[in-house]
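Novice: Sequence:
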Amino acid sequence: MKASVVLFSLFSTLAAASPINIASRDVFVPPILYPHAGTVWKVGQHHNVTWDVSDAPAQITNPVGQVFLRQNGLTQLSNPLAQGFNILDGRVVIQVPNVAPAKDYQLVLFGDSGNFSPLFTITK
Numbered sequence: 001m002k003a004s005v006v007l008f009s010l011f012s013t014l015a016a017a018s019p020i021n022i023a024s025r026d027v028f029v030p031p032i033l034y035p036h037a038g039t040v041w042k043v044g045q046h047h048n049v050t051w052d053v054s055d056a057p058a059q060i061t062n063p064v065g066q067v068f069l070r071q072n073g074l075t076q077l078s079n080p081l082a083q084g085f086n087i088l089d090g091r092v093v094i095q096v097p098n099v100a101p102a103k104d105y106q107l108v109l110f111g112d113s114g115n116f117s118p119l120f121t122i123t124k
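The numbering of the sequence shown is this note's numbering, which starts it at 1 and goes up by one.
A couple of the hints might just be wrong.
Beta-carbon label-pair distances, calculated as ranges [what the hints assert, rightly or not]:
# : residue 1 : residue 2 : range
1 : Ser78     : Ser113    : 12 to 22 Å
2 : Ala58     : Thr121    : 35 to 45 Å
3 : Gly38     : Asn98     : 18 to 28 Å
4 : Asn115    : Asn72     : 12 to 22 Å
Taking lysine-lysine pairs in the DSSO-like style, the calculated list, with each CA pair at most 27 Å apart, reads [claimed, not checked]:
# : residue 1 : residue 2
5 : Lys103    : Lys124
6 : Lys42     : Lys103
7 : Lys42     : Lys124
Keep in mind the hints are simulated off the structure, nothing from the lab. Just so you know, these numbers come straight off a predicted model, no measurement behind them. Every residue gets a Cβ at the ideal spot worked out from N, C-alpha and C, and that includes glycine.
Using the sequences provided together with the hints, build the complete structure.
Specialist: Here it is in structure tokens:
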């Protein structure tokens with residue numbers, strides 16, 4: 001009986017405690033502007049990947065960006081095209097990797113979320 005009173009008192013105290021005030025943070029999902037549908041890149045070329053930062057929240061959960069290549073629903077996570085840049089930069093230069101020519105490539109931009117570019121083409 002005494003143990004149940006102690007437990008009840010402990011839980012009552014915890015339930016009445018004020019919540020901890022943690023700064024509000026938002027997930028930022030900037031749309032990729034380039035490459036866009038119809039873009040054709042050649043293996044070995046350098047390109048600016050660009051995204052829209054005009055609606056960035058004041059507090060971003062993870063401002064460190066990464067860019068990956070994606071094809072057939074598979075993101076090539078072991079080979080980032082770019083990493084360690086500030087997601088608020090709105091652009092990063094990448095070199096087109098030596099991959100098989102195809103019309104179904106996408107880029108994935110990771111910061112505190114991941115978003116995909118439209119499909120584009122890579123040629124040799």
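Novice: Give a verdict on every hint.
Specialist: Hint check results:
Ser78 and Ser113 have their C-beta atoms about 20 Å apart, which keeps the hinted 12 to 22 Å range intact. The hint said 35 to 45 Å for the Cβ distance between Ala58 and Thr121, and at roughly 38 Å that hint holds. Between Gly38 and Asn98 the beta carbon distance is about 22 Å. The supplied range of 18 to 28 Å therefore holds. Here the CB-CB span from Asn115 to Asn72 is close to 18 Å, well matched to the stated 12 to 22 Å.
Restraint check: the Cα-Cα separation between Lys103 and Lys124 comes to about 12 Å, which is no more than 27 Å; the hinted pair holds. The hinted pair formed by Lys42 and Lys103 meets the criterion: a straight-line CA distance of about 12 Å does not exceed 27 Å. As the CA atoms of Lys42 and Lys124 are separated by approximately 6 Å, the hinted pair is consistent with the 27 Å bound.
In terms of the numbered hints stated before, the structure departs from none.
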